[in-house]
Amino acid sequence: MTAPAPTPPSATRSAGLAFILKKAVISACVALILFSLMIGIRTLPSENGQLTYTTRFGELAAMVAIVFGGSIVVELLRLWWGPVDRVKLAPPPVQAALDIGGRLIAPALLIFALLVPVIFYQQRYILDLGILVLTYVMLGWGLNVVVGLAGLLDLGYVAFYAVGAYSYALLATTFGLGFWECLPLAGLLAACWGVMLGFPVLRLRGDYLAIVTLAFGEIIRLVIINWQNLTGGPNGISGIPRPTFFGIPLVPGPNGLAAKFGIPFSPTHRIVFLFYLILALALLTNWVTIRLRRLPIGRAWEALREDEVACRALGIDTTTTKLTAFATGALFGGFAGAFFATRQGFISPESFTFQESALVLAIVVLGGMGSQLGVALAALAMIGGFELFRGFDQYRMLVFGIVMVLLMIWRPRGLVGHRAPTVFLEHNRAISSDLVKEGHG
Amino acid sequence: MSPDTILSVDHLSMRFGGIVAVNDLSFTAQHKKITALIGPNGAGKTTVFNCITGFYKPSGGSIRLAPPDGGYFRLERLNDFRISKLAKVARTFQNIRLFPGMTALENLMVAQHNALMRASGFTLLGLLGFPTWRAAERDAIERARSWLDRIGLLDRADDAAGNLPYGDQRRLEIARAMCTEPMLLCLDEPAAGLNARESAALNEMLLSIRNDHGTSILLIEHDMSVVMEISDHIVVLDYGVKIADGAPRAIRDDAKVIAAYLGTGDGEEIAAEGVT
Chain A
1 MTAPAPTPPS
11 ATRSAGLAFI
21 LKKAVISACV
31 ALILFSLMIG
41 IRTLPSENGQ
51 LTYTTRFGEL
61 AAMVAIVFGG
71 SIVVELLRLW
81 WGPVDRVKLA
91 PPPVQAALDI
101 GGRLIAPALL
111 IFALLVPVIF
121 YQQRYILDLG
131 ILVLTYVMLG
141 WGLNVVVGLA
151 GLLDLGYVAF
161 YAVGAYSYAL
171 LATTFGLGFW
181 ECLPLAGLLA
191 ACWGVMLGFP
201 VLRLRGDYLA
211 IVTLAFGEII
221 RLVIINWQNL
231 TGGPNGISGI
241 PRPTFFGIPL
251 VPGPNGLAAK
261 FGIPFSPTHR
271 IVFLFYLILA
281 LALLTNWVTI
291 RLRRLPIGRA
301 WEALREDEVA
311 CRALGIDTTT
321 TKLTAFATGA
331 LFGGFAGAFF
341 ATRQGFISPE
351 SFTFQESALV
361 LAIVVLGGMG
371 SQLGVALAAL
381 AMIGGFELFR
391 GFDQYRMLVF
401 GIVMVLLMIW
411 RPRGLVGHRA
421 PTVFLEHNRA
431 ISSDLVKEGH
441 G
Chain B
1 MSPDTILSVD
11 HLSMRFGGIV
21 AVNDLSFTAQ
31 HKKITALIGP
41 NGAGKTTVFN
51 CITGFYKPSG
61 GSIRLAPPDG
71 GYFRLERLND
81 FRISKLAKVA
91 RTFQNIRLFP
101 GMTALENLMV
111 AQHNALMRAS
121 GFTLLGLLGF
131 PTWRAAERDA
141 IERARSWLDR
151 IGLLDRADDA
161 AGNLPYGDQR
171 RLEIARAMCT
181 EPMLLCLDEP
191 AAGLNARESA
201 ALNEMLLSIR
211 NDHGTSILLI
221 EHDMSVVMEI
231 SDHIVVLDYG
241 VKIADGAPRA
251 IRDDAKVIAA
261 YLGTGDGEEI
271 AAEGVT
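Quick note, the sequences are listed as chains A and B, same order. When you line the first sequence up against my numbering, it's residues 1 to 441, in that order. When you line the second sequence up against my numbering, it's residues 1 to 276, in that order.
It is worth saying that the hints were derived from the structure and are not from the lab. We put the CB at the ideal spot given by N, CA and C, even for glycine. Some hints could be false.
[Stated by the list, open to error] Computed footprint of chain A on chain B; a stretch qualifies when at least three of its residues, placed anywhere within it, have a C-beta under 8 angstroms from a C-beta of chain A:
(1) 71-85
(2) 111-118
(3) 206-219
Let the hints inform the model, and build the full structure from the sequences given.
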């Protein structure tokens, strides 16, 4: 019972004129049915308040004609181009250049990130945007452990972000603990919640897992809104202490950092400090994740994504493996949350809606294949790109959506379309995305 | 239970609703021997395997694994992953279950998970890069390399497992199971889809596993050239019931076995199975 060789995809070149015309007529018919009510008839209120309608058969005919013509053009393009694949889209020399560029892009990005506060010292807007991008890079890297490596679809990641933020806010405002004491505590508390989420969802896979994690994210948010005594409810928590430079506050006056260093005070100091702080936290996340991938636990995560049954047959405890993935992801989410709280100085449940979870998940998916570099690029594209399209005003979301759709057509498995092996004997060959599984929850 | 017995299955039964897949099955497998489980399609062989390796919970009966150094495990009471981790029973699957997106080397590294977890101090020492961990990792890579060398895949160590030809995937799956250092290796149709030359190579490999590693082997196989040549002992199942049990020569001449394969209108089946 040898596996049958896959039949080559039939080339569309053989499609004749009749086929193209047939397809165009069908498309035109569909367009006619769809648009006959949407465009063909327009309802208007008359003077006495009654609803009347006018017909717009001219416009309708134009739309149908456009669809008919467009369908023919698309089919002819396909005929001329042949089956669309990577080689057609980018010729080999371009791909070779891209490969070299791909190797240099990570160090280049890192150096650029380190230099951002130097280059853009005067532009507060850029610095703030940089901090925002780096926060999402860190969140993306954290979620990447759960979604990208372990293949567990988590739609409630923002819950851990919230736990981290509220942990820091409450510990700091209630017990007067400093940022550096609270940071590990916030991370640990979030990790505990990660384990707590992990337990009930251990048996769930795929869509069911996604739904429960989504619900978990909402539960945390609703608890925060309703537990007025502790969290301040919808009013949030204000007056959260700002971070200190290892005990030295970044304030004007004799005790501030500027006075100690003998330089004039500037509010930008704090922004720059925050920038380097989140950069350090993000790089810590990255370093730990890269190390973990090469440790047995990281390989077990990836093996779990590939085939859970085989994992069990090899004596891997899938329960603890899943829980550690959830806990590790949550830990980094908690760190990011604590940073968010100290940066804003004020937090409320509004910052932790499902939209945030969706955004972080979109970053991980767009990044692709559990790749760290992919996540960083995707965060830059999603957050930075969104700002870039500000000039389009109300069309911003539209343009952004179209760009996302095109990107996913061009790169269905994310920006980085291959997996790097964790260990190799002779050659460090990237593994094609066709072979790597997405995980089933 | 004699001291040479590694696995003893007693009165095992497995029911799915009203269907009895395995009915009051008893047999033993001897230490450092190759035991084959054969029977027509649907006889319940894979069900027995799934009971032994913990993927099914048996409806009744007991399965004991007795390592030669004393003690025993009641396999019907252990959960899936513990059977591999504690009782040291490894298995392969009828439809190959490698990690296709990981390299051949990575597949063998994942198989050494439990040993490496201990060596990495449950991740903590590994994260900090302790020398003991580095040494353990080198050893693990060395073991993986030696297995890749044995199955002739050393030059493809860094290729994705999913990209390997079918026969290579079969061998890699066996090597992966062996990397867990099992006492008992359960192979579900290891020769399925292999050509005559590959089957012969598989025979040699299984014999060397038995002789050099002292691993006992339990295998399900339809390919009689494999079964008759390497088995020390054969158990024949039909409709969930054991119909014969003995040395290959005795099984070949057993009237019940011949009836099960030929006498009940399954004539095409054995012809088809003979050529796989």
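Verification of the hints:
1. Only residues whose C-beta sits within less than 8 angstroms of a C-beta in chain A count toward coverage, and the stretch 71-85 of chain B has 6 of them, enough to reach three; the restraint holds.
2. With 6 residues having a Cβ less than 8 angstroms from any Cβ of chain A, the stretch 111-118 of chain B passes the three-residue criterion, so the hint holds.
3. As drawn, the stretch 206-219 of chain B meets chain A at 0 residues by the rule of a beta-carbon pair under 8 angstroms; below three, the given contact is violated.
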